[in-house]
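As given, the protein sequences belong to chains A and B, one line each in that order.
In this text, residue positions in the first sequence follow the working numbering: the first is 163, and each later residue adds one.
In this text, residue positions in the second sequence follow the working numbering: the first is 120, and each later residue adds one.
Keep in mind that the hints are not guaranteed to be accurate.
[As the list claims (entries may be wrong)] Below are the BS3-like pairs computed for lysine-lysine, each with C-alpha atoms no more than 25 angstroms apart in a straight line:
#, chain 1, residue 1, chain 2, residue 2
1, B, LYS711, A, LYS223
2, B, LYS123, A, LYS304
3, A, LYS250, B, LYS259
4, B, LYS619, A, LYS304
5, B, LYS576, B, LYS546
6, B, LYS323, A, LYS304
7, B, LYS638, B, LYS552
8, A, LYS283, B, LYS208
9, A, LYS283, B, LYS729
10, A, LYS180, B, LYS131
11, B, LYS208, B, LYS711
12, B, LYS711, B, LYS259
13, B, LYS711, A, LYS304
14, B, LYS383, B, LYS322
15, B, LYS546, A, LYS304
16, B, LYS131, A, LYS250
17, A, LYS250, A, LYS232
18, B, LYS619, B, LYS491
[Unchecked claim] Stretch by stretch, here's where chain B covers chain A in the computed footprint (C-beta under 8 angstroms, at least three residues):
#, stretch
19, 168–177
20, 269–279
[To be verified] What follows is a set of in silico ranges between Cβ atoms, one per label pair, in the way DEER data are often shown:
#, chain 1, residue 1, chain 2, residue 2, range
21, B, HIS124, A, ASP194, 48 to 56 angstroms
22, B, PRO244, A, SER307, 16 to 24 angstroms
23, A, VAL407, B, ASP204, 17 to 25 angstroms
24, A, THR185, B, ASP204, 28 to 36 angstroms
25, B, ILE787, A, LYS283, 54 to 62 angstroms
In short, the hints are calculated from the structure, not lab data.
Every residue, glycine too, gets a C-beta built ideally from N, C-alpha and C.
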Amino acid sequence: MNLDRVLQVESVTKVYGKGDNKTEALRGISFDVLEGEFLGIMGASGSGKTTLLNCIATMIKPSSGRILLKGSDISSFRGTQLADYRGKEIGYLFQEFELLDNLTARENIILPLSLHGVTGKQAGGELQELASRMDIVDVLNKFPSQMSGGQKQRVAAARALISKPSIVLADEPTGALDSKNSKVLLDKLYAINKEQQKTIVMVTHDANAASYCSRILFIQDGRLFHELRKNVKTETRDSFYERIVTAIAQLGGGSANVL
Amino acid sequence: MFFKHVRRNAAKYRKNNGLFFSSLVVAIVAFYTLLSLGDQDVMRFLKTIESDAVSKLMLLIPAVYMISLFFVFFLVYFTYRYQLDNRKKEFGLYLMLGMKRSTLFAMLMSETIWNSLVSILLGLPIALLLTEGISLATAKLVGLGIIGHKISFSIPAVLGTVIGFIAVQMIAMLFLSAAFSRKEPMELLRSDSPEKQVSLSGKKGWLGLVLGLFFLILAYAIGVTMLRSFDFKIVMLVLALGGSGTFLLYHGMGVFIGHKIQQKSPARSGLFTFTGRQIQENVLHQYRALAVSSLLLLMALACISFGIGVASGRGSQETRTVDFSIEGSKQEVCGVLDSEASKSMISMYYPMFLGSMNTNLYDQTGAVLESKPNAHELSWAGLSAALANLPETDLRNNMMENFSDRSGSYLISETSYNNLLQTIGKKPIQLGKSQVALYTSMKDSSDFINNLDDALKSGTYIEVDDRKYELLPNIYFDNVVADRKITLYSALIVSDEDFKNWASDSSTPFCWNVLLSQKTVNEKGLMQAILSMEQNFAGTGLEYESYIGGIGRNLFYTVAASYLTIYLGILFMVIANTVIGLKYLMQQRENKRRYLTLLMLGADVDDLCKSAGTQICLFFALVLGVAVFSSVFAIWSMFTSFLKLPVGTSLVKVIVIAGISSILFVMIECIYIHIVEHTSSREIQALRVRDRGNAF
Ligand SMILES: Nc1ncnc2c1ncn2[C@@H]1O[C@H](COP(=O)(O)OP(=O)(O)OP(=O)(O)O)[C@@H](O)[C@H]1O
Ligand SMILES: [Mg+2]
């Protein structure tokens, strides 16, 4: 594995509101994401996971601290650069899929490319490849309302991947899926991570989902407070899962069940 | 506390719904303008001479008002429903927090009343200014002069406007809030699922499209070719075909757009596909609204063209020839007219010799009905022969029939008619020996005039006592008396000598024609000048008709018809445009998440605004295109049937008026599109990607 740092998060804080209404969602978080990593982020509800992901995705601005993608500070991006960053450098997978429901699957997937001037014809090859990998060839001409939840999320994943982003951010991507569809999606993400060295950062509540990751960060009250690393060569997913569950029970103490 | 809350909600509502709110203000202005019609200077004036017709019109106005309230009701109902849908969660929350249903209901009602009051406070002053302006302008245009101007502020009209307007709002709100407050809080809290993409099956859509087009073309063809006779059945057929054609067309259009997108989008990048799909979705979901707005706009265009046509057509042919026609002996008439008071106001007066020819009377078969002493023999055979050479039409046959009647035709003496021509600055007729000229007062019927003109141009004659008299190649139609009530289907202008020989009574003139001097008219305005001249006749016992009597009737129909139709037209236009604009904005708000997703995927805000702009333009274009296209045929058939412009209407004037109205129309549409675009951009720019955080 190549040890380049794709993403550097440096003492990022985020404060919502002002005065009495203030919420400190992030209180100085620092970590690196390496190229080809499948990073999991876990934490109790309200601990700041979504806030963190949104900061990385430039959906919100951190109150202080820096976030560097491949060495450049994303808070300095403006206009086209910002649009390019959102469209090309990151892929985002949402809990609620967020497909445009008046576009067909095909049109949804190539949207990030279209937005940057690539036509559907030019993207054809890639689209076919991704579609067969995600097992959604049959639904390419369907509208979201005609697909199952699992298909929708896999279409969304294809959309997140089509622009070959440096990093894929996923906020509870399995949150709206049943266990079978969750497993299909995670298997696909896992395979893509392994085969294409695609960097993935995934927020999840689910220990099973987390067990697909190669490293897990635990967040509490806006701070990083624990890290689990999978022994890539020797450890099976089942034993990693056991470790995660144990960690949650130990670290979370009484609040374990809210994770 | 309660009222502060109400006021704040209402203010927020007005800010978020500027488009709808300004439409309400326009509606108020229109309502008041309609209701105060009776207080306009022209109408007040007409009441004095045409009181019957005016009071009939005043009875009609409440009906028109009810119709407009009915249309405005839909606008209000539909906007409020959208508004309440948007606030569903808020209401659910109020109820969960223990607000009583009755309190919620009272709150909604108070908000509505407050909003109505604000729009009334804004609209009424505008309405007053506008009606004042219209009153002054029409008075000036028809020569009433501004002496008689009265401020047209009308309390009943204000009350009518306020009551009607608030009632419509309250009823709409009542319906809606009744439905809302019946719902359980949980139902309100749960946001409803987004509309599903309807995929109309290809075949059905294409069928609709083709059928719609077919119906429309059929309606156009029937309208243009067969509407002339204004048969009720045919009118209904055209309306049914046109209406259903428009609906089918819009219904099928979504499929067509979808097909186009599928065809084109692989080769396009950017937001092309998104924009296209948005429009397609809009058309599929909103085809009813599109069709209704399109039909409303068509109605608006037809109404306004009708109004303008009536106004300009009638106005143009009003060449004033005679101001007074007085009956009486020479001494009586000259005594009054030569008095100091009258003399200064008059430019000239002359006797009008108009009488009927002394012939036997014949029945329809041509048999003698009543024989007269010293009767002359008249024959129209020459003219009938010329008419027979024209292409056969109902009108021509009818004319030939009428000219076969040999009973006493009307005669006008050459000198009298030349006096008349002189007063209006036209060249006098020169009748040679054995020459007569044809006169008719039916100049409003252009086909009739054209037929006669064609016949005369071919060189024709009449016969009196078996002697041929050549008819001059021109037809004459200037009014020979002040009152338009007298219509002469045909009359012969003959030399004074022939008049003396042929007329039953050639010694006394039919009447004395008086023309006021231009100076007096310029000083006082025509109407006022005539009114003050009438004072000179008061008490003399002279019988007279004045130009006002004739023009009054005409003016009344002109003003009433054009005022009402233009009013309805503007109201329809406002409603149609507001509906289209609102439909679009609603759809954009419903699709807020889509725009957020696009931003997340790296779309540029400006590109999104541009895409929205394209959607808006296309949305409007879809409605306008069909409406304008149909209106071409509607106006065409209108102007070739019941709204024929009278002969002598200047083509340049018509083109100029049509041009100005089209430019105004385009400008109004541009303003609407601009407002909607502006609102849409503002809403897109206000989208922060972070909003999504809250959405989870
Ligand atoms: N837009 C906002 N305005 C104010 N406070 C916010 C906003 N978004 C989040 N917060 C607060 O910031 C803190 C972190 O929220 P965040 O959404 O990041 O939590 P999370 O870890 O994703 O929780 P969950 O697992 O429930 O999704 C919470 O206390 C939340 O109340
Ligand atoms: Mg979250």
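For this session: Starting from the hint list further up, note which numbers the structure goes against and sort them upward.
Result: 2, 3, 4, 7, 8, 12, 15, 16, 19, 22, 23, 25
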